[in-house]
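Chains as they are written, first to last, in this note's numbering: chain E, 34 to 347; chain W, 17 to 303; chain G, 30 to 588.
Since the hints were made in silico from the structure, they are not lab data.
Incorrect hints may appear among the rest.
Unchecked claim - EDC-like cross-link-like pairs, simulated, lysine to aspartate or glutamate; straight-line CA separation at most 16 Å:
{"hint": "1", "chain 1": "E", "residue 1": "K163", "chain 2": "E", "residue 2": "E235"}
{"hint": "2", "chain 1": "E", "residue 1": "K126", "chain 2": "E", "residue 2": "E77"}
{"hint": "3", "chain 1": "G", "residue 1": "K160", "chain 2": "G", "residue 2": "E172"}
{"hint": "4", "chain 1": "E", "residue 1": "K43", "chain 2": "W", "residue 2": "D135"}
{"hint": "5", "chain 1": "E", "residue 1": "K36", "chain 2": "G", "residue 2": "D346"}
{"hint": "6", "chain 1": "E", "residue 1": "K163", "chain 2": "E", "residue 2": "D255"}
Since this is a predicted model, take the numbers as computed values, not measurements.
One letter stands for each residue in the lines below.
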Amino acid sequence: MSKARRILVKAVTAVLVLVAAASVTFFAQLLVPGSRATAILNQENGRAQQWTAAQLAPVNHEFGFDKPLIVQYLGYVGGLFRGNLGTSYTQFKPVTQVIGDELVPSLVLTVGGLITAWVLALAVTLLTAKRHRFTSALGSTWEALTASLPTYWVGVVLLVVFAVEIRIFPVIGGTSAWGTVLPVLTLAIPLAGFLGQVMRDEFERVLDQPFITTARTRGMGDARVRLVHALRHSVLPAITLSGWALGALVSGAVIVENLFGRPGIGQVLVTAVNTRDVPVVSGIVLVVAAVYVIANLLVDLVYALVDPRLRGAS
Amino acid sequence: MTTVAVPGASALARLRDVRFRIRPGTAVSSLIVLVLLVAVIAPSVLTHRSPTAIDLEHTLLPPSLSHPFGTDDAGRDLYTRVVYGARESLGIGLGATALAMGIAIILGFTGGLAGGIVDTVIARVLEVAFAFPVLLLALLLIAIRGPSVTTVIVAVGIGSAPGYARMVRGQVLAVRNADYVTAAGALGHRRSAVIRRHLFPNAMRPLVAVITLGIGQSIVWASGLAFLGLGVAPPSPEWGALLSAGRMYITTSWWLEIMPGMVIVLVALAVTSLGRTMQHQLEGAAR
Amino acid sequence: MTAAAEATKELTNVTATGTPLLHVENLRVSFGDAEVVKGISFTTRVGRCLAIVGESGSGKSVTARTLVGLTGPNSLVRADRIDLAGLDLTRQSERSWRAIRGREIGFILQDALVSLDQLRLVGDEITEPLKLHGWGTRASRRERAVELLGSVGVPEPEVKVRQRPYELSGGLRQRALIASAIALDPKLVVADEPTTALDVTIQAQVLDLLAESKVRGRSIILISHDLSVVARLADEVIVMRGGEVLEQGPAHQVLHQPRHEYTQALLDAIPSEHTRGVRLVRPAAADSAVRRTRQPIDRDSPVLEARHLTKVFRGPDKVDRTVVDDVSFELLAGETLGIVGESGSGKTTTARIALALLQPTSGEMLLHRQQWSALSPAQRRPLRKRIGVIYQDPLSSFDPRWPTGRIITDALRTGSRPPSSGAEARTRAVRLLEQVGLGERHLDSAPLRLSGGQRQRVAIARALAPEPEVIVCDEPVSALDVSIQAQVLDLLTDLQDELGVSYLFISHDLGVIHHVSDRILVMKEGRVVESGAADDVFERPRDPYTQRLLTALPRLAQA
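Working from the sequences, and respecting the hints, build out all of it.
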């Protein structure tokens with residue numbers, strides 16, 4: 034299959050995945066107990082009660098709930114392609130507007146977290162993989178530990194230690210560069226542990242391969258062997274995981290923004306969940322799904338760059 | 017040395033082959049899990065106080081000998097509350113994991129065994145499911161149904177299922193293509209017998225570690241939701257609820273947030289590590 | 030001047046053929062408590078090849094790696110002398126080794142697919158030693174790489190240099206590996222099993238390349254388990270076992286008039302046309318081999334018949350590949366039909382069709398003159414006990430959780446006389462184990478704890494349990510050491526003599542095939558290019574491919 038054709042296939046698959054995801058969120062909205070109109074009116078009035086059909090009718094009409102289901106579905110999915118994610122139940126604004134500006138700081142946080150995680154994982158792996166027993170054990174224990182830490186735990190510890198006790202960083206940093214350090218670290222450390230484990234396992238496996246011995250027999254020193262030969266092979270699985278990791282980082286971002294009082298979609302999301310504003314939540318979920326899908330496409334590209342075996346048709 | 021031919025001889029032989037290497041990590045993990053189980057079954061063994069005993073003269077005390085985890089804003093001993101919260105937290109963890117693994121096994125085995133179009137459909141479904149991070153899916157469900165213990169269990173269960181399903185499916189596919197499965201077919205065994213005697217046991221085996229990992233992760237996810245104020249609500253002593261309650265005191269009374277968090281982390285680590293050790297033992301015995 | 034440069038400056042100029050180059054005296058290597066090389070001594074000479082021969086565990090590979098200072102972690106190396114033309118190799122630091130490796134001593138590993146970095150360009154792999162030792166400029170290095178690749182016989186070297194190893198064929202890859210090892214024209218080249226995993230024809234080309242290198246004045250140390258490969262190249266031979274040298278001397282003496290019984294046993298164990306009809310393992314103190322007592326072959330009742338089998342696979346790129354092309358054969362009761370071919374010949378696929386694990390695209394297989402491949406799986410199942418199978422890797426064909434006893438009793442239950450009780454199953458399992466040379470004590474063993482030869486015996490016992498008439502042997506001895514291989518082949522022939530079972534024997538090893546087969550099929554790219562009685566095919570081959578295979582086969586007779 035030619036390269037162009039493969040890219041096309043991947044792009045089409047990505048779009049289909051998004052459509053499927055959108056279908057899930059659409060039908061999720063139908064699961065709201067009672068009717069959606071009831072939920073909206075309850076929110077508006079701050080209390081849960083039964084509403085008469087006459088009271089529900091205008092709400093139903095305004096949001097389009099009185100149309101046949103298939104029309105609603107197609108309208109929803111069609112709207113997505115035009116960038117319309119629906120209307121918020123509580124703010125009566127388009128969801129895209131609600132999410133709008135808040136997306137950028139979250140993306141900054143997430144991408145920053147991924148990059149930092151990679152740097153940390155690479156450093157620990159290169160320094161401690163397959164060396165003296167103590168060093169190796171130290172490295173792998175550190176990774177196992179950090180990989181299992183929940184995001185909020187890392188955040189709280191970092192907050193208490195570095196912002197409250199030793200006042201290096203601000204407790205609530207907003208989007209300032211200095212105030213972004215702790216949130217990014219909070220996201221990066223557990224992911225670095227996870228990626229590091231994967232990298233290390235592969236690194237150690239690769240160092241046992243014959244082609245490494247061949248390099249040594251040519252007179253190559255240990256440090257160069259690791260950098261020139263082993264590294265490229267061992268980052269492959271970690272690259273594959275990075276696509277998924279980006280999606281997982283968004284979950285973490287929600288918590289981190291909440292904890293550090295940072296503006297971003299995390300705040301929007303939590304508020305929306307509290308107010309049962311399903312369209313906003315769905316919208317965010319879909320945006321994240323889109324980010325995940327795009328991230329995976331990019332990951333495939335990067336992987337093919339690093340491992341040319343996948344480039345040509347074999 | 018003569019061996020007696022009893023039906024369970026192979027199982028006994030396997031037990032003999034298991035080498036119990038006592039490593040410090042395993043010992044510590046086992047201890048933690050043991051303490052956890054005691055906390056769940058008989059909390060009064062670990063603490064004489066009551067989790068609801070309010071003492072307004074001793075509010076917000078830092079950790080000390082009499083209050084190892086300090087006290088909260090109502091003077092309740094935090095350590096006691098953590099002990100009593102174990103039951104609910106572990107319950108959530110087990111419930112969510114059971115749900116997740118149930119879904120994962122059904123999807124993974126159906127796809128792996130059936131092959132063809134069924135497997136392709138399931139693989140695509142999983143691909144879509146992966147686009148939803150666990151926490152976000154859980155939040156979506158909570159937005160729809162409102163926060164409650166059941167919703168949390170269902171949310172975390174459904175959210176984490178795709179990851180396990182992919183693992184199970186991969187395992188089933190690997191075993192299905194294994195030489196010993198082909199050999200069994202070549203011997204003349206019926207397909208159903210091959211699935212029952214070879215495929216299922218060998219595919220399920222690595223999942224022991226996955227299940228314990230799942231329990232640890234579920235507890236973490238549930239508490240994460242509570243941290244956001246969307247899980248189990250205070251004044252329940254459930255660990256997540258404790259996290260939620262302690263948030264406003266982070267800068268002043270750090271122990272209210274750090275202590276329950278530490279317990280969650282330790283339990284998750286211990287359960288996962290023990291699971292991995294059990295996994296290695298099982299594989300070591302049979303290999 | 031750096032210590033490394035100092036060290037290499039001391040090397041005296043040696044050019045005359047036959048001059049001693051490397052002196053090794055009393056080399057001892059241990060890993061922890063275990064001593065793996067127990068005091069061996071040898072000398073290599075300019076323009077000559079020294080072969081170190083041994084089976085697994087003999088210490089030959091460790092010796093090879095010690096010569097370049099890559100013995101491995103936790104090792105202790107001691108020697109009275111390791112001297113490369115004046116350069117003392119016992120007193121080198123890791124730093125000084127780096128100057129020596131690649132420049133004074135070249136090393137060739139086996140299987141270029143895993144011994145070259147697949148992610149890098151072939152050219153980069155070849156220029157690497159040049160770059161490491163500060164040779165030339167980037168442009169001149171690139172030119173040199175093309176030159177080197179051409180000199181080892183790779184066509185279109187300027188194109189291949191920009192490709193990656195996996196894009197080259199097996200033979201070209203191995204040549205590229207050799208090119209990178211001799212890039213700096215080292216005086217001494219150590220080749221560790223350089224021809225294993227290669228097809229016979231390619232193996233011959235690689236050996237020719239090494240021979241050429243020898244003529245040009247290089248000293249070669251060849252590590253191998255294959256005595257016929259050694260015969261092609263070696264001037265001097267050392268036989269090792271368990272870390273010790275058992276025999277040492279000029280090649281023609283060691284290989285034709287060996288003094289040690291182990292060497293003699295190794296030579297006897299090599300299956301070939303000379304060993305047809307005899308057992309490979311001789312009882313101690315016997316002068317000649319024991320002849321087999323064959324059962325008569327019934328020409329009228331073919332057990333297995335293949336008629337115009339064709340199998341076409343559709344690859345993921347939608348290209349159809351014909352893996353088996355119009356293959357027909359007949360297997361008679363009590364005989365062995367050998368199918369020989371190189372990789373990609375379709376022999377394994379044919380075996381799988383014979384076992385009905387694969388359906389042919391067209392053509393049919395008959396078992397005892399009745400439908401076999403055309404049956405439905407349900408109809409076929411009760412007949413499966415008539416045809417058994419032995420795989421190349423027995424371990425992967427055993428359920429990892431099952432002990433040996435269960436593997437065998439499970440197979441017993443599929444036979445025509447399934448055991449009626451647990452006790453009977455056990456007794457019969459023990460009897461089968463004894464028949465294959467194991468014992469009751471192996472009943473509870475996990476296959477993982479058994480040696481390669483023992484595992485294959487268990488596999489044979491399992492195949493025999495249902496009392497089949499035919500056993501398909503798919504490369505059953507390819508992964509075994511020569512002496513173990515001989516034992517297993519003897520076992521198979523003994524069982525055939527005793528039980529009258531027929532074998533469909535698949536192998537790439539011509540010697541093995543010639544030894545066991547009554548009739549032979551030669552396959553190439555899916556077609557049968559030659560068939561007939563074993564001696565006819567080997568002594569009077571008609572097809573040019575068969576002729577090429579046979580000339581390429583390294584024979585012990587040359588020396």
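Okay, the hints, checked on the actual structure:
Straight-line distance between C-alpha atoms of E/K163 and E/E235 comes to about 11 Å, which keeps the hinted pair within the 16 Å bound. Between E/K126 and E/E77 the CA atoms are separated by roughly 14 Å; this keeps the pair inside 16 Å, and the hint holds. Proximity of G/K160 to G/E172 is assessed by CA-CA distance (about 13 Å); at most 16 Å being required, the pair is judged to hold. About 19 Å separates the Cα atoms of E/K43 and W/D135, which puts this hinted pair outside 16 Å; it is violated.
A hinted pair counts as satisfied when its Cα atoms are at most 16 Å apart, and E/K36 with G/D346 qualifies at roughly 13 Å. Of the pairs offered as hints, the one joining E/K163 and E/D255 holds, with about 11 Å between alpha carbons and a cut-off of 16 Å not exceeded.
The earlier numbered hint that this structure contradicts is number 4, and it is the only one.
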